[in-house]
Amino acid sequence: MASKIIIPDFRKTPPVDQVGVEERVARFTTRSVKKSSKMEGLKMVLSMIDLTTLEGKDTEGKVKQMCYKAAHLHDVIPGIPTVAAVCVYPSMVKTAKEALKGTSIKVASVSTAFPSGQSTPEIKILDTKFAVENGADEIDMVISRGEFLSGNYNFVFDEIASIKEACGKARLKVIFETGELSTLDNVRRASDLAMYAGADFIKTSTGKISPAATMPVTLVMLEAIRDYYYLTGRMVGMKPAGGISTSKLALQYLIMVNETLGSAWLSNEWFRFGASSLANDVLMQIAKETHGVYQSSDYFSKD
Amino acid sequence: MERLEIQKTYKIFIGGQFPRTESGRYYSLKNKKGEVLANICQSSRKDFRNAEVAARSAQSGWSSRAAFNRAQILYRVAEILEGRKDQFISELIVQGSSSAAARVEVEMAIDRMVYYSGWCDKFQQVFSAVNPVASSHFNFSVPEPTGVVAVIADEKSSLLGLVTAIAPIIAGGNTCVVLASESKPLCAVTFSEVLNTSDLPGGVVNIITGSAQELHTHFSSHMDVNAMVYYRDDKAQIKTIKENAALNVKRVFVYKENIFSEDHANPYYITDLQEIKTTWHPIENIGSAKAGY
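Those sequence lines, one after another, are chains A and B. Position 76 of the first sequence, counted from 1, bears residue number 97 in the numbering used here, the numbering being contiguous throughout. Position 61 of the second sequence, counted from 1, bears residue number 247 in the numbering used here, the numbering being contiguous throughout.
You may find that some hints are simply not true.
Keeping only pairs whose Cα atoms sit at most 20 Å apart, straight-line, the calculated EDC-like set for lysine to aspartate or glutamate is [stated by the list, open to error]:
hint: 1; chain 1: A; residue 1: Lys85; chain 2: A; residue 2: Glu119
hint: 2; chain 1: A; residue 1: Lys64; chain 2: A; residue 2: Glu310
hint: 3; chain 1: B; residue 1: Lys463; chain 2: B; residue 2: Glu330
hint: 4; chain 1: A; residue 1: Lys309; chain 2: B; residue 2: Glu429
hint: 5; chain 1: A; residue 1: Lys269; chain 2: B; residue 2: Glu461
hint: 6; chain 1: B; residue 1: Lys232; chain 2: A; residue 2: Glu310
hint: 7; chain 1: B; residue 1: Lys421; chain 2: B; residue 2: Glu341
hint: 8; chain 1: A; residue 1: Lys118; chain 2: A; residue 2: Glu143
hint: 9; chain 1: B; residue 1: Lys425; chain 2: B; residue 2: Glu443
hint: 10; chain 1: B; residue 1: Lys308; chain 2: B; residue 2: Glu461
hint: 11; chain 1: A; residue 1: Lys55; chain 2: B; residue 2: Glu208
hint: 12; chain 1: A; residue 1: Lys90; chain 2: A; residue 2: Glu119
hint: 13; chain 1: A; residue 1: Lys56; chain 2: B; residue 2: Glu208
hint: 14; chain 1: A; residue 1: Lys115; chain 2: A; residue 2: Asp158
hint: 15; chain 1: A; residue 1: Lys118; chain 2: A; residue 2: Asp179
hint: 16; chain 1: A; residue 1: Lys190; chain 2: A; residue 2: Asp179
hint: 17; chain 1: B; residue 1: Lys442; chain 2: B; residue 2: Asp419
hint: 18; chain 1: A; residue 1: Lys64; chain 2: A; residue 2: Asp96
hint: 19; chain 1: B; residue 1: Lys463; chain 2: A; residue 2: Asp319
hint: 20; chain 1: A; residue 1: Lys309; chain 2: B; residue 2: Glu400
hint: 21; chain 1: B; residue 1: Lys421; chain 2: B; residue 2: Glu400
Because the hints were derived from the structure by calculation, they are not lab data.
Work the whole structure out from these sequences, hints included.
The following block contains the structure:
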């Protein structure tokens, strides 16, 4: 299949109608999801979360604690799924892998000099190989935004392709840091470029820059995935990350995925949320639906 | 051509803003002659929830402010109330008070605000203690704010009941969500405007209008509310509130004293909504000085 794909000229990526995108997005926020469908939606959101800790102050203890939470979100209420994956720095992959032994939760590792990506290609490949050798199931790489914005698309394309090669069996998520790309046209171009270069997932942001994931940016990326799927028949996953902290917003993202790509993408194989505080808000909503009263964060574990 | 008077839209007060109720519901407030005075928001449990979230996020900032600064802000509220005295008096008259009674109520409300303003930086000293203990510890107890307080305010007074409820709560560093009088809600909305122009941070006081019968269960069952204050005398509601409060062991206070009584100017209304924290601070046992050192 891959050999038949003709790589297009990325300078001719279709332009994005910003006003149209914003109006379309506004429609997604008007759907009413209640009662049992809300419950199912909330559980689906939980199962799609990449529980994330990416801080300089991370320790083994913190990572182990987060891994425990990933597997035991809120044992008080039965039938709650686990999250999809935990997302950590390469140095913590081994710890996370060990802590998650016996569960189906994946370990994702950021790499390629995350979050800036300002390093040499050799170091980026080494960084990736280190994470994979330590057992990472998924790699979240950042692109060189500086090169991309200067128009060196070939450089970015080769960068992604070489990391994809270094990943081996691990799935590759490509982070654009859309907060630095300024326009939706650039987001669309980066999406096309990454998918043709071999990305298994495209991801909005590192979470270190504001704005992080927004609905318009995500819609543009989803539409790029759809067009790419029609052309090549290959499914690519989507991961908005950063800034999604409420259940209401998460459900609106699911609605957007369903109405743009269809229900085939509504599983944690093809859609993820990169978030650290979203899980607790969803749990509080589930507890509210279960017990009938509004909840307090005092009764939910912090990490 | 005769000028068309601009009618005021009475809205609710959440997080320093004036939204309409998310439910879109309203009830018409009528005077004795049956004329409609205003359409008032019939707040829903979701409005209460939004107000609670605003109160919770404002809580740590408000309680960590210098007590003296809280006093300044409460005094500022009194100043602005004084400046808008005539507006409150005319609103009370519209809602059925005589002009003499209206003036008394507004003046009492202002004075009560000033009274509690004065207590902001004093109650902590008065109600703290250094405790004698039989070990080498410096042991002391201080009151700390309970957190978020849900209030169902007095039904019979429009302004004084509200001020009487709010002043001791915020003087002590708590934040609150208040349900105003259902039959006399006009001053609540106008009082929100006073709060909003008094340097009071958004979310410290949130005021909603509507029915206590509908909302008291939600006020008392919310897990993120730390205390509940009730100023009415519906026995069934009091019973439900006390039962629901057990869910997260909320403190419940039912105040039945006449709102016009001077007993309401009383620092114990502040300390009701304080938790006593006792600290054991180890000290060196030097020579024969022992714990008294």
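Going down the list of hints, with the structure as the test:
1. Taking the CA atoms of Lys85(A) and Glu119(A), the gap is about 9 Å. The hint holds against a cut of 20 Å.
2. Of the supplied pair hints, the one linking Lys64(A) and Glu310(A) holds, its CA atoms being roughly 12 Å apart against a limit of 20 Å.
3. Taking the CA atoms of Lys463(B) and Glu330(B), the gap is near 7 Å; set against the 20 Å cutoff, the hint holds.
4. About 18 Å separates the Cα atoms of Lys309(A) and Glu429(B), which keeps this hinted pair within 20 Å; it holds.
5. Annotation: proposed proximity of Lys269(A) to Glu461(B) is violated, straight-line Cα distance about 35 Å (limit 20 Å).
6. Between Lys232(B) and Glu310(A) the CA atoms are separated by roughly 14 Å; this keeps the pair inside 20 Å, and the hint holds.
7. Between Lys421(B) and Glu341(B) the alpha-carbon distance is near 14 Å, which keeps this suggested pair within the 20 Å criterion.
8. Annotation: proposed proximity of Lys118(A) to Glu143(A) is violated, straight-line Cα distance about 25 Å (limit 20 Å).
9. About 19 Å separates the Cα atoms of Lys425(B) and Glu443(B), which keeps this hinted pair within 20 Å; it holds.
10. For the hint linking Lys308(B) to Glu461(B), the alpha-carbon distance of about 16 Å falls within 20 Å, and the restraint holds.
11. Between Lys55(A) and Glu208(B), the direct Cα distance comes to roughly 16 Å. Compliance with the 20 Å bound is thereby established for this hinted pair.
12. Between Lys90(A) and Glu119(A), the direct Cα distance comes to roughly 14 Å. Compliance with the 20 Å bound is thereby established for this hinted pair.
13. Proposed proximity of Lys56(A) and Glu208(B) is supported: the alpha carbons are some 19 Å apart, at most 20 Å.
14. At roughly 11 Å between alpha-carbon atoms, Lys115(A) and Asp158(A) fall within 20 Å of each other, so this suggested pair holds.
15. With a C-alpha separation of about 30 Å, the suggested pair Lys118(A) and Asp179(A) falls outside the 20 Å cut-off, and the hint is violated.
16. At most 20 Å may separate the alpha-carbon atoms for a hinted pair to count; Lys190(A) and Asp179(A) meet this at roughly 19 Å.
17. Between Lys442(B) and Asp419(B) the alpha-carbon distance is near 7 Å, which keeps this suggested pair within the 20 Å criterion.
18. At roughly 14 Å between alpha-carbon atoms, Lys64(A) and Asp96(A) fall within 20 Å of each other, so this suggested pair holds.
19. For a cut-off of 20 Å, the pair hint linking Lys463(B) to Asp319(A) stands: about 19 Å separates their Cα positions.
20. About 19 Å separates the Cα atoms of Lys309(A) and Glu400(B), which keeps this hinted pair within 20 Å; it holds.
21. Of the pairs offered as hints, the one joining Lys421(B) and Glu400(B) holds, with about 15 Å between alpha carbons and a cut-off of 20 Å not exceeded.
In this structure, the hints that do not hold are numbers 5, 8, 15, in rising order.
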